[in-house]
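**Q** Construct the entire structure; sequences and hints are all you get.
Protein chains in written order, with this note's numbering: chain C, 1 to 310; chain L, 1 to 245; chain F, 1 to 295.
Source of the hints: derived by calculation from the structure; they are not laboratory data. Zero decoy hints are in this set.
Some but not every residue of chain C turned toward chain F, in silico, with C-beta under 7 Å:
#1 Val57
#2 Phe108
#3 Ala114
#4 Val118
#5 Leu122
#6 Ile127
#7 Leu129
#8 Pro276
#9 Leu277
#10 Gly280
#11 Leu281
#12 Val283
#13 Ile284
#14 Ala287
#15 Leu288
C-beta: ideal position from N, C-alpha, C; glycine also.
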Amino acid sequence: MIGKPGLTLYGLFIVMALLAAAALLLGVAVSSILVLLLVYAALAYSINFITGMIGYVDFGHVLFMAIGSYVLATLVSYYGANPLLGVGLGALLGLVFALGIGLVILRFRGVYFAITTVVLVLAAYNIVLQFPQLGAGGEIIVNLKFQPLATYFTIWTIVLIEIVLTYYVNRSRIGFGIRAIKNNEDAASSIGVSPRTLKLTGYMLGGLFGGAGGAVYAWSISGVTAGPAFDFTFSLLMLAMIIIGGVGTSIGPLLGAVVVYIPSYFLLTTVAQAQPLIIGLLVIIMALFLPDGIVGLLRRSNEHLRLVLE
Amino acid sequence: MPILQASNISKNFGGVQALKDVSFDLPESAVLGLIGPNGSGKSTLLNIIAGLEKPTSGIVKLDSKRIDNLQANRVVGYGLAKTHQIPKPFSNMTARENVAVAVLYGRRNINSPSLALQEAERILSLVGMRSRNDASAGSLTVQEKKRLEFARAIATGASVLLLDEVFAGLSPEELKDSIQLFRKLHEELHFSALVVEHVMRAVLNLSHKVIVLEEGHVIATGTPDEVVHNERVIEAYLGSKKSAA
Amino acid sequence: MVAAELIVTDLAFGLMLGCVFSVVAHGLNIIWGVVKVVNIAHGEFIMLGAYGAYFLNLFAGLTPLETAPVDAAIGLLVGYAFYYAFLHRELRNTETITLQSEMVTLAATFGLSLFISNLAIILFTGNPVGVNYSPGTLQFGYLHVPIAALYVAILSVLIITGTWLFLERTLIGSTIRAYAQDVTATELVGANPAKVASLATALGFAVTMAGGALLTVWIPVGINPLMGALYAPISFVIVVLGGPGKMWGSLVGGLTLGVVIDVVQAFTTVEIAYAAAFLILIPVLVFRPEGLLKR
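**A** Below, the structure is given as structure tokens:
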């Protein structure tokens, strides 16, 4: 590791502490709004591992979310399991699928990888529709008594773990290898970096936390339905969050989640369709003009910020 | 025992025979020049040794261990690193970070990024790029990028370097500097090197021995002086009297 | 119907469907092959072409066949606009797309894709619509072939052949092909890269939107703002199957996919058929990444 933890990590801890306090002190209304923010953040951190850090654009990341959602929904509604088990297993299954899929598709570069992830989501969606046990297109309802704090602190813990993991990966030897791969995969392997291992690790972390986030999401909205579960809008949201915040950074995903979520929460009450519209536009603008996001912009504008923001 | 040994390397690309039965020895701390007209198979040979391609037949041994069946990144772990003809820097990282990656992932067993960055600084000084430590690699000049390639290769701790046209595209001044730098580094670090070159001045100046490829096979080996006066070699470069007519 | 007759019918329909798929993917192929950019929003332009056919049918009584050229003209303009908005900056000074640029265009076109489809939901509402065009069926023995499908298939092949002729036999076309191989060389012989690239993009969009119009014949109740999400991946798979940049590859890929979908559908459900069609992508990329076409 490079030296002692910097301001960024402390800053993120403070934000998380504030979020925890808000839930405990400000009541259910606030925590039900913030829970979705944390779900978004968790998903943003998860796609950050494979797309932000390693540079492999995972359009199909919603697949892991869907896996987590379905695992939690089926475990709770058919077996009456504890939702925490659903989250744990959702994360595990996300990890396992990422491993299996990654072994095959991570060898594809750039566009080919991106398209393959899309194809996998569509295939998975079509396959899920065949199984009545998985709702066959309908909804699987999760009947749990309302436990806002349990849901909240589950996802809060997940995000905290992701923050710490992201922060330390970025500062560690692995972080150097990952950045090398992102810049030039062939050059990286010519100096000893093993792209296969690192790419797979990133993808698996994405699957693990994507599954965890998806499971909590299903828990918080009390169900899962095939159409929305495999909706590419989620992939767009996840991509948008890291592009807006700053790809690969530790702050980026959380920042992006705040920027994407807060307005959309208020927009939801006006025009429902406006949200993806605006997010889409934002993504276009950021991708073309500010590809390193808000964090990147801040780092470039000021020498002090460059040293402090990670 | 030569530190690098290639035995009967052949490579077929679906009908095209790029290499035919190429063998050579690279003694420790020696510099072996590899020359030949365009299309003679030099790059293919380098790629095979570095693990970027598999030979159709033949064996490559590094320090008596077989490496022809290994992937490029594993070959680095055994002590061999290759530079790229067209430099491939990590553009969005600083020069120092570029070299630090090599330190962390070579065979040096340095796992701490801060130590790696220090070591990277030291190596960049060695190649005369101290002042460009914090410059982004994408903003370096071509010559600087080539030096960076070289610095990265050394930084992996490799004992054998494969240098792919490192002297190409340099002005006479830059060439003189680069040759001097190479000499100095070779004296200090005692690496062994296989140098592919078109720039004759560099090859002849720096190599202990030279092998010449034409159309995939070795047509001459010897000291630089011997090779330069070899009729077969001259013919290969200038074309035979028959075809010139 | 006897098994053999069923198979022949499936095959015939698969081939006709495949022809339309080919032209729908062809625009993507052109742009991918020449400018080396993959437009993630490709599906949305197919959708716009389809809606074009719908509205022109509704208000002007035009058949999809007649709409196709209109859509193509619109596509040319849209293509130029797209080039200058998205690609010009990235391509202006570089020989090839760098990795960073690739991520940028992927992300930007992804954003565009969701922007356009959601805008379409607002403007057109989510209700699926269709074009009324049924000139009847032809009968070849036991084979009942809808004339509309036949016309569309023929027109699709004509379009692909036409673009091929354009690229092979005209000066401008050859310049485009040269650009696809080596941008700098094209500059050196005096062609303006921006003009070449923008023309190729415009051509690609023209074909795409015309394809969207022709597609409506096969989806009598399926024109909806989100249809791009289905036809874009189909197009991607087709282009990969045929090999990006290989003009006839669109036809090879399209026919293969059309036949696979129709035949598999005969044995299982339509969803499994599509799933299978999509998943073909993976073994092809693993074992034959340059596509099914030799050369």
